[in-house]
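My request is simple: use the sequences and hints to build the entire structure.
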Amino acid sequence: MPMLSSFFSSPWLVFGTAILFRLALLIYGRWQDANSPIKYTDIDYLVFTDAARFVARGHSPYDRATYRYTPLLAWLLIPTTWDTPAIPNHVWFDFGKLLFAAGDIATGWLIMRILVKRKGMSVQQALKYASLWLLNPMVANISTRGSSEGLLAVLVVALVWAVLEGRIRVAGMLLGLGVHFKIYPFIYAASIWWWLGSDGVPEGADVSKKIKAMFTKKRIALATNSFLTFMALNCVMYYFYGVPFIEHSYRYHFTRIDHRHNFSVYNTVLHLNSAHSTDSSFKVESIAFVPQLFLSVGVIPFLLAKKDLASTMLAQTFAFVTFNKVCTSQYFLWYMVFIPFYLPSSSMLRNSRLGLTALVLWVLGQALWLQQGFELEFNGKSTFVPGLWLASMLFFGINCWILGVIVQDVGSQAGLERTVANPQHKKDR
Amino acid sequence: MKQRITYVLPEGSRVESSDVKVDKDSLKFDRADEAAKEWRLTLALNDLPDEVREGCSWAVEHLANRSRCKQYSAIVMSFTVPLCDLLRKLLGVTAKCHSIQESFSSTPKIPERLAITTTWQYFQYAPLSSRLGEIFLSKACNTGHPDLDACAFAVRDLQRASYVEFDFEAIGRKLEFTAVWAPQGPKQNRAMARRATRMIRRPKTGERTEVGTLQVEKATEAEELSLGGFLTVIGEDDHPSKTLFSFPSRHHTLPGSSPVTFAASFQQPTGLHPKFQIKLPRQQLTPPKDTCGLHAYWTLPSALFIDRYQLSDPLFLASQNLVALHSLSGEQDLEAPNWVIEQWGSAALFELGAPPSSQIGSSTQKSDWIITIPTHLRYLAGPQKPTDTSGHASVDVPWPIVFWACEAEEGLEMSNNPFDRVDLGYDRLFGPQTTFYHIPPAPKVNTTVEEIKVPVLDSEKAEWVRAGTLIAVVAGFAWICWQLLRATSGQNFKAQKQKRK
Chain Z
1 MPMLSSFFSS
11 PWLVFGTAIL
21 FRLALLIYGR
31 WQDANSPIKY
41 TDIDYLVFTD
51 AARFVARGHS
61 PYDRATYRYT
71 PLLAWLLIPT
81 TWDTPAIPNH
91 VWFDFGKLLF
101 AAGDIATGWL
111 IMRILVKRKG
121 MSVQQALKYA
131 SLWLLNPMVA
141 NISTRGSSEG
151 LLAVLVVALV
161 WAVLEGRIRV
171 AGMLLGLGVH
181 FKIYPFIYAA
191 SIWWWLGSDG
201 VPEGADVSKK
211 IKAMFTKKRI
221 ALATNSFLTF
231 MALNCVMYYF
241 YGVPFIEHSY
251 RYHFTRIDHR
261 HNFSVYNTVL
271 HLNSAHSTDS
281 SFKVESIAFV
291 PQLFLSVGVI
301 PFLLAKKDLA
311 STMLAQTFAF
321 VTFNKVCTSQ
331 YFLWYMVFIP
341 FYLPSSSMLR
351 NSRLGLTALV
361 LWVLGQALWL
371 QQGFELEFNG
381 KSTFVPGLWL
391 ASMLFFGINC
401 WILGVIVQDV
411 GSQAGLERTV
421 ANPQHKKDR
Chain H
1 MKQRITYVLP
11 EGSRVESSDV
21 KVDKDSLKFD
31 RADEAAKEWR
41 LTLALNDLPD
51 EVREGCSWAV
61 EHLANRSRCK
71 QYSAIVMSFT
81 VPLCDLLRKL
91 LGVTAKCHSI
101 QESFSSTPKI
111 PERLAITTTW
121 QYFQYAPLSS
131 RLGEIFLSKA
141 CNTGHPDLDA
151 CAFAVRDLQR
161 ASYVEFDFEA
171 IGRKLEFTAV
181 WAPQGPKQNR
191 AMARRATRMI
201 RRPKTGERTE
211 VGTLQVEKAT
221 EAEELSLGGF
231 LTVIGEDDHP
241 SKTLFSFPSR
251 HHTLPGSSPV
261 TFAASFQQPT
271 GLHPKFQIKL
281 PRQQLTPPKD
291 TCGLHAYWTL
301 PSALFIDRYQ
311 LSDPLFLASQ
321 NLVALHSLSG
331 EQDLEAPNWV
341 IEQWGSAALF
351 ELGAPPSSQI
361 GSSTQKSDWI
371 ITIPTHLRYL
381 AGPQKPTDTS
391 GHASVDVPWP
401 IVFWACEAEE
411 GLEMSNNPFD
421 RVDLGYDRLF
431 GPQTTFYHIP
441 PAPKVNTTVE
451 EIKVPVLDSE
461 KAEWVRAGTL
471 IAVVAGFAWI
481 CWQLLRATSG
491 QNFKAQKQKR
501 K
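So the protein lines, in turn, are chains Z and H. In terms of the UniProt record's numbering, the first sequence is residues 1 to 429. In terms of the UniProt record's numbering, the second sequence is residues 1 to 501.
If you're looking for bench data, these hints aren't it; they were derived computationally from the structure. Treat the hints with care, as some may be off.
Below are the BS3-like pairs computed for lysine-lysine, each with C-alpha atoms no more than 30 Å apart in a straight line [stated by the list, open to error]:
{"hint": "1", "chain 1": "Z", "residue 1": "117", "chain 2": "Z", "residue 2": "306"}
{"hint": "2", "chain 1": "H", "residue 1": "275", "chain 2": "H", "residue 2": "24"}
{"hint": "3", "chain 1": "H", "residue 1": "218", "chain 2": "H", "residue 2": "28"}
{"hint": "4", "chain 1": "Z", "residue 1": "381", "chain 2": "H", "residue 2": "96"}
{"hint": "5", "chain 1": "H", "residue 1": "24", "chain 2": "H", "residue 2": "279"}
{"hint": "6", "chain 1": "H", "residue 1": "24", "chain 2": "Z", "residue 2": "325"}
{"hint": "7", "chain 1": "H", "residue 1": "242", "chain 2": "H", "residue 2": "275"}
{"hint": "8", "chain 1": "H", "residue 1": "174", "chain 2": "H", "residue 2": "279"}
{"hint": "9", "chain 1": "Z", "residue 1": "39", "chain 2": "H", "residue 2": "279"}
{"hint": "10", "chain 1": "Z", "residue 1": "39", "chain 2": "H", "residue 2": "28"}
{"hint": "11", "chain 1": "Z", "residue 1": "39", "chain 2": "H", "residue 2": "24"}
{"hint": "12", "chain 1": "Z", "residue 1": "117", "chain 2": "Z", "residue 2": "217"}
{"hint": "13", "chain 1": "H", "residue 1": "461", "chain 2": "Z", "residue 2": "325"}
{"hint": "14", "chain 1": "Z", "residue 1": "381", "chain 2": "Z", "residue 2": "39"}
{"hint": "15", "chain 1": "Z", "residue 1": "283", "chain 2": "H", "residue 2": "242"}
{"hint": "16", "chain 1": "H", "residue 1": "453", "chain 2": "Z", "residue 2": "381"}
{"hint": "17", "chain 1": "H", "residue 1": "279", "chain 2": "Z", "residue 2": "381"}
{"hint": "18", "chain 1": "H", "residue 1": "2", "chain 2": "H", "residue 2": "174"}
{"hint": "19", "chain 1": "H", "residue 1": "174", "chain 2": "Z", "residue 2": "381"}
{"hint": "20", "chain 1": "Z", "residue 1": "381", "chain 2": "H", "residue 2": "242"}
{"hint": "21", "chain 1": "H", "residue 1": "174", "chain 2": "H", "residue 2": "24"}
{"hint": "22", "chain 1": "H", "residue 1": "461", "chain 2": "Z", "residue 2": "283"}
{"hint": "23", "chain 1": "H", "residue 1": "242", "chain 2": "H", "residue 2": "2"}
{"hint": "24", "chain 1": "Z", "residue 1": "381", "chain 2": "Z", "residue 2": "283"}
Computed footprint of chain Z on chain H; a stretch qualifies when at least three of its residues, placed anywhere within it, have a C-beta under 8 Å from a C-beta of chain Z [claimed, not checked]:
{"hint": "25", "stretch": "263 to 275"}
{"hint": "26", "stretch": "463 to 472"}
In this text, all values refer to a predicted model and were calculated from it rather than measured experimentally. We put the beta carbon where it would ideally sit given N, CA and C, even for glycine.
What follows is the structure in structure tokens.
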């Protein structure tokens with residue numbers, strides 16, 4: 001299709017379309033909010049902006065109930081509280097959405113840069129893959145509704161870029177910032193660690209030399225920078241807001257057990273255990289993290305990181321989300337951002353039937369669950385068991401199968417990825 | 001102990017002196033069964049049974065020392081045990097009361113009211129224990145013949161009362177107990193009632209017993225009530241004394257002959273987000289005065305909650321025919337399931353939208369005016385009975401109170417009302433000079449409580465779920481590990497295979 005390929009050969013066209021698409025959604029969102037009792041804006045955005053208003057008046061963002069994020073986010077959104085003669089407050093109110101949408105665009109641009117420079121793709125090819133993010137309606141919708149996942153995406157892709165460029169100190173800082181923001185990016189420390197590799201050791205060296213070789217300069221730089229950044233941010237926030245910061249930003253996420261139905265395979269068991277706590281109930285909450293971390297921080301980065309960092313991060317995140325105690329559709333964005341890196345070398349692209357099947361099943365799994373959820377929420381049917389439970393089990397099974405395909409693909413890649421120091425261009429497929 | 005008994009006949013009737021027969025230490029009122037009755041008992045601390053007196057004396061000591069005590073909430077916290085135990089005795093074991101601090105809710109303070117202290121609230125839909133009278137009045141009413149003693153009889157008759165009220169005054173160290181009965185129905189219980197309430201004896205201990213036999217008169221001043229008839233103090237008067245008096249009243253029924261009533265129900269199916277609908281007749285919804293606002297005060301059990309953030313958008317409120325959520329107190333957590341909630345529930349005051357004045361009185365708009373209040377259900381634990389496998393639990397939600405709240409005329413002294421009632425939950429949310437015109441409920445069935453069926457997770461299926469989830473997680477985990485190993489160990493072989501493709 002000549003028109004399509006000429007579209008993708010021009011970055012201006014692609015990025016322009018992505019920007020216009022988001023602007024259109026923003027304008028439509030304003031219209032819907034003003035004219036309909038059903039709002040386009042996400043409830044989370046109202047939480048963020050309320051918290052920003054508290055901060056603007058010198059209070060704590062945690063005065064706003066259900067604000068469970070870093071104060072940085074409320075700080076970033078302070079412009080939503082402004083009211084200037086040129087721009088009235090109801091326009092400033094959408095500043096956050098604009099910021100998140102801009103984050104999307106930045107993510108897309110970074111994806112393109114990485115694909116061109118590190119994977120040796122042509123601009124046209126890279127734009128096609130980047131468009132999976134840029135022109136994705138789900139992504140655009142989530143950002144323009146005011147959900148902050150877009151900011152995480154920029155951080156994570158920037159992290160990949162920094163590592164591949166060899167700028168480990170910057171990578172460390174981005175990692176520290178990411179963990180402060182959303183906690184889960186700590187899993188990337190494992191894949192970057194293994195990707196960086198240990199120093200060479202001569203034959204027959206003893207154990208202590210081998211261990212010393214593991215702690216390379218780069219690895220230490222990564223660890224130090226990320227830890228210092230993370231702790232510095234924590235200290236600043238603790239200084240301003242004290243214990244509520246620790247409580248809402250961190251402790252809540254570790255102890256929360258969302259009984260309200262969600263995609264997670266553990267949801268029904270957790271609901272049962274909480275409502276009918278008996279002595280014989282096996283403590284799901286305490287051991288659920290074992291398979292989750294074993295996969296996402298253990299075997300997957302250890303075995304796969306050296307082959308392809310970004311695809312490993314996809315597998316890690318996918319495992320983390322699939323085996324998590326809570327799973328909502330916002331989490332899918334966490335791994336979707338890596339798909340443009342994985343897809344070029346994936347069997348799902350080579351074998352389009354496989355790819356299509358995977359996509360259809362992934363959507364179908366959600367649709368089945370959503371249908372049961374609808375029956376519960378709006379028709380009052382007791383679909384907890386078997387409906388929702390079986391649907392979540394099915395979706396879990398589908399995700400495990402997809403993850404199996406992903407790790408197969410990455411694991412069977414020949415050759416290893418290199419940094420700037422040892423370039424080894426991968427062949428374009 | 002002092003007793004005050006008041007019979008009130010409706011407007012239009014007249015009490016004749018022949019209806020009231022006064023004796024040396026008794027009084028007989030022939031028309032007792034047609035009248036509404038209020039029985040007010042004022043008891044000193046020593047008249048109360050031990051278990052009740054303990055809690056009250058404790059409160060006396062500490063409330064009297066309030067000025068010296070810095071932590072007022074500490075007092076209430078320690079006052080918990082006697083009060084919650086008492087509530088459980090009165091309301092049965094289902095009472096969700098562990099301590100005042102945890103189970104009661106505190107009402108918000110309104111700036112213009114000078115209340116220094118916090119008011120604590122607790123609501124529950126439950127039948128009152130038949131032991132209510134015995135618990136409070138067993139000691140005070142142990143005088144005289146049970147059959148003829150008005151006190152003893154009223155205690156047994158408390159189950160039938162429209163409401164009972166306990167007002168403990170710490171400073172005077174007395175408990176005021178009030179019970180009100182509606183007039184008897186056409187034929188039910190008339191025989192029993194006639195036998196009992198017609199004759200009132202003065203207690204042997206000789207306390208003051210004042211009896212009023214009155215009828216409602218047409219009030220001359222606006223916002224006042226007027227009563228006329230006879231007053232008698234048994235033992236002191238040998239004949240009833242004629243009386244006619246007026247007093248301002250906070251609460252009124254709607255003026256005029258138009259019987260405006262409201263009906264309420266939940267939209268079906270309720271799902272997890274029940275929508276409560278209040279239906280009013282569109283045509284007769286005129287405010288009694290210019291300064292009135294239509295309000296509804298609703299107490300919700302902890303299973304149900306209201307999201308105040310949802311109700312802060314004017315567009316949304318208008319689409320539901322609401323004006324504003326003026327007050328919400330009690331448990332407002334948006335995420336927690338019901339089994340971790342300790343408070344009894346929440347109370348909300350809404351201002352309701354009234355139809356535009358152009359529509360009132362017009363014959364074209366015959367349909368009801370419907371106001372919708374969106375609520376949400378918390379997750380409930382499964383049903384207690386193992387035989388109930390429907391997958392649903394039920395929650396009882398009482399109807400709200402609907403009224404017009406209007407600014408009272410200047411200079412009305414509401415406390416002059418001998419039947420004044422305060423602290424009903426909603427009246428403190430308005431300024432002190434407010435009058436309330438109530439719109440009564442008109443239930444189709446004889447109940448003003450809605451029952452909602454809530455889907456719950458049936459614990460019967462528990463074993464399947466636990467075993468099944470474990471198997472699924474282990475299987476998924478094993479599959480992924482196997483795929484990983486296969487890929488990384490058979491790598492060279494795979495690379496050759498791809499080269500051939």
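The hints, checked one at a time:
1. 117(Z) <-> 306(Z): The given pair, whose Cα atoms are some 18 Å apart, holds under the 30 Å limit.
2. 275(H) <-> 24(H): violated (60 Å)
3. 218(H) <-> 28(H): holds (26 Å)
4. 381(Z) <-> 96(H): Holds: residue 381(Z) and residue 96(H) sit about 27 Å apart, inside 30 Å.
5. 24(H) <-> 279(H): With a Cα-Cα distance of about 54 Å, the restraint between residue 24(H) and residue 279(H) is violated, given a limit of 30 Å.
6. 24(H) <-> 325(Z): violated (79 Å)
7. 242(H) <-> 275(H): violated (53 Å)
8. 174(H) <-> 279(H): Outside the cut-off at roughly 43 Å; violated.
9. 39(Z) <-> 279(H): holds (26 Å)
10. 39(Z) <-> 28(H): violated (67 Å)
11. 39(Z) <-> 24(H): violated (75 Å)
12. 117(Z) <-> 217(Z): Cα-Cα ~25 Å, so holds.
13. 461(H) <-> 325(Z): holds (20 Å)
14. 381(Z) <-> 39(Z): holds (26 Å)
15. 283(Z) <-> 242(H): With Cα atoms ~77 Å apart, residue 283(Z) and residue 242(H) exceed 30 Å; violated.
16. 453(H) <-> 381(Z): Between residue 453(H) and residue 381(Z) the Cα gap is close to 10 Å, so the pair holds against 30 Å.
17. 279(H) <-> 381(Z): holds (27 Å)
18. 2(H) <-> 174(H): The hint holds at about 11 Å.
19. 174(H) <-> 381(Z): Violated - the C-alpha atoms of residue 381(Z) and residue 174(H) are around 53 Å apart, more than 30 Å.
20. 381(Z) <-> 242(H): Distance ~65 Å between residue 381(Z) and residue 242(H) Cα, so the pair is violated.
21. 174(H) <-> 24(H): Holds, because 28 Å separates the two Cα atoms, which is no more than 30 Å.
22. 461(H) <-> 283(Z): holds (18 Å)
23. 242(H) <-> 2(H): holds (22 Å)
24. 381(Z) <-> 283(Z): holds (28 Å)
25. 263 to 275: holds (count 5)
26. 463 to 472: It holds: at least three residues are needed, and the stretch 463 to 472 of chain H offers 7 whose Cβ sits within less than 8 Å of chain Z.
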